[in-house]
Amino acid sequence: MQRKAGPWFYLFLIVFVFLVMFPFLWIFLTSIKPLGDIFGSPFAWFGSGISFQSYESALTTRPLLRYMLNSFIVSGATTILAIGCAAFTAYAVTRLPIRFKSVILGVVLASSMFPPIAIISPIYDFVTDFGLRNTYPGLVIPYITISLPLAIWILATFFQNIPYSLEESAKLDGATPFQTFRKIILPLAAPGVFTTAILVFIAAWNEYLFALTINTKDAMKTVPVGISLYQSQYSIPWGDITAATVLVTIPIVIIVLIFQRRIVAGLTSGSVKG
Amino acid sequence: MSKRRFSLSEKQLGYAMVAPSLILIAVIVLWPIMLSFWNSLFDYRLNDPSLSQRTLGSEINMERYADNYDFVNKTIEEILAESSAEEVTNEVETIQQGINERHNTFLSEGDHEEKFNEVLETVRSHYAVKDQSLKYVSIDESFKKDYSTYLTEQSESLASLSSEQEGAMATRLSDLSGQIKLMDSSFMKENFVGFGNYAQYLQESRLWQSIGVTTLFTVVSVFFELVLGLAIALLINRAFFGRGAVRASVLVPWAIPTAVSAMIWKFLYDGQSGVVAHYFEQLGIIQDAGQLLTTSAGAIFSIIFTDVWKTTPYMALLLLAGLQTIPHQLYESAQVDGANAWNRFYKITLPMLRSTILVALLFRTLDAFRVFDLIYVLTGGGPANATEAVSVYAYKVLFAQQNFGAGSALSVIVFICVAIISTLFIRFIGSDLMAGKQKG
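If you read the protein sequences in the order shown, they are chains A and B.
Residue numbers 1 to 274, in this note's numbering, belong to the letters of the first sequence in order.
Residue numbers 1001 to 1440, in this note's numbering, belong to the letters of the second sequence in order.
None of these hints come from the bench; they were simulated from the model.
Keep in mind that a hint or two might mislead.
Restraint-style ranges between C-beta atoms, simulated for each label pair [what the hints assert, rightly or not]:
1) S235(A) - A1016(B): 56 to 64 Å
2) G1338(B) - I250(A): 49 to 57 Å
3) G49(A) - G1242(B): 31 to 39 Å
4) V103(A) - L1350(B): 31 to 39 Å
5) P97(A) - W1342(B): 45 to 53 Å
Chain A stretches covered by chain B per the calculated footprint, using a threshold of three residues with CB under 8 Å from any CB of chain B [said to hold, decoys possible]:
6) 56-66
7) 144-153
8) 182-189
Below, a list of computed lysine-lysine pairs in the DSS-like style, where the Cα atoms sit at most 25 Å apart [what the hints assert, rightly or not]:
9) K1115(B) - K1074(B)
10) K1011(B) - K171(A)
11) K217(A) - K1144(B)
12) K1011(B) - K183(A)
13) K217(A) - K1396(B)
14) K1011(B) - K101(A)
15) K1130(B) - K1144(B)
All C-beta atoms, glycine included, are put in the ideal place defined by N, C-alpha and C.
Please put together the full structure from these sequences, using the hints given.
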């Protein structure tokens, strides 16, 4: 039932959005305070002036830009690999006359439920034996465990919603099954593939456990691990941490702002029947 | 355009398309979980050379053995050349003889001599031995015991001899004692313990406490996320101005890495400069701003509160999408029939949302039970293990203690819990989850 939105509704909305965004707002305000104010008057909304001291320090004490580059390369490679394999699988499972479909989907679903901690030690042994610690492939390979089941699951929903009639007429025109996939289905599914890619990218960008154990060298760390290790043993440099957090949150906010419609479509496709 | 000769039939193409993903899943998901289980049956520790392999029978680490054998011989030669004291010369000569005797017996067995020489060459040119069948060689159990006891004894007697000597000779002798000890550590201990690791953990209160904490965290945070998420979804299920902006702002907490949001909240909860802790103190929710992260109740509250903040908006989005698929006519005719708001919610909304809610609950519960980043970064499992979830505990045993055997047992326990939860849920959801994905 569509009700009209009154002033109370907008008031509620503003309070809700404020509560959700408050931590980011506070982190941003803290990051531009002069260092003395962060510890001197921590609860004041605004400092005695605007200072970029924290940003300078965040970028020079740790290789923050390097962390972001690492995260970008690892997540990008993971996304390409996962989407490449998943597009084929999702198509075959939804469209082609193969057997054991429910078994295949069951295995995919089950592996998306695997707790990463349950496989971390053999993966660590494997990555160490092949000399892949502190390399990009050393993370991309384990990330398949997270990204591939996710990608297959979401893509299967998108493929399912493409009308069959197009495929049938392609078949009648003499296209091979692979031509049908490449020339008919893929272009039609492109928006869905793109949405899936965004979700897989975000999942890989956010991964922590594998990144923490496998890439321990500072130059090879990813963003989540790098940020969580900004603190030293004795003091916590809140200025640096808030500035670094703001810097790494910006790309995510941009992605979310641009693609919010697609992200929501992707998130809900797996759990809501249309 | 058509290259008929290369075309596969639909069926063949289907299997070819499924194969790469299934192989990848088998190799990096299913195989590792079996290895984890296999590891959990051993007393397997990375930081103890004699336990750093899963050893079923009697084995020797040839790389370590050859390397140290070389060192021991060199040191013995040097001592014999330099020594003037008769008791030193005598003792060291006896040891040299004793070791060589046993060494030769060792080499005379099977292809040991061949393997030893190959490994020695590799070690001398400072390469690592990659070939596992060269590196770990099985040997006779009673011979191993004899050799190992001999080395232990000699290492001890050399240590006491070294304490009687002075200057360079004392250092030389204590070096030799240490090298012999290292040589001894090349004998691998048989470390198969069966279900010993499990038996030990099931009696341990720390494991039960961590399972309790994980369950509490999962139940409470998923409950609040669902109730608040549903309330918010019902409220914002209408046309309003600024939909896109609200949706985007709601997605941000979900999209940023959990580790990063844990750092943000660590700052907000901080006893000295944390603004949330400060306001909570002002509102009288807590007595002292420091309590949030330093008392167990405060720390558990903190992780749950952060998780609810991060996930409620996401839950609301999922449920909102479900709400929007419910046809308006249902509500209109119910209103005509005189059903009040509560009845409409109870009789129409909830049943129509059933599968959305169950699927969202399944994924959220599993996610919450696997919690790692949030707790590891925000509290580190403290204070006094009060917030130590099972994953965090397993991680500490695996990587801080380098105890891969016991740690694997813990990680298999996490796996079993997750398997039980998902089986229960899938019983409830039934085929809803798979519906529509396998037609055609």
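Now the hints, each set against the structure:
{"no.": "1", "hint": "S235(A) - A1016(B): 56 to 64 Å", "in the structure": "58 Å, holds"}
{"no.": "2", "hint": "G1338(B) - I250(A): 49 to 57 Å", "in the structure": "53 Å, holds"}
{"no.": "3", "hint": "G49(A) - G1242(B): 31 to 39 Å", "in the structure": "33 Å, holds"}
{"no.": "4", "hint": "V103(A) - L1350(B): 31 to 39 Å", "in the structure": "33 Å, holds"}
{"no.": "5", "hint": "P97(A) - W1342(B): 45 to 53 Å", "in the structure": "49 Å, holds"}
{"no.": "6", "hint": "56-66", "in the structure": "violated (count 0)"}
{"no.": "7", "hint": "144-153", "in the structure": "holds (count 5)"}
{"no.": "8", "hint": "182-189", "in the structure": "violated (count 0)"}
{"no.": "9", "hint": "K1115(B) - K1074(B)", "in the structure": "21 Å, holds"}
{"no.": "10", "hint": "K1011(B) - K171(A)", "in the structure": "14 Å, holds"}
{"no.": "11", "hint": "K217(A) - K1144(B)", "in the structure": "40 Å, violated"}
{"no.": "12", "hint": "K1011(B) - K183(A)", "in the structure": "19 Å, holds"}
{"no.": "13", "hint": "K217(A) - K1396(B)", "in the structure": "19 Å, holds"}
{"no.": "14", "hint": "K1011(B) - K101(A)", "in the structure": "12 Å, holds"}
{"no.": "15", "hint": "K1130(B) - K1144(B)", "in the structure": "24 Å, holds"}
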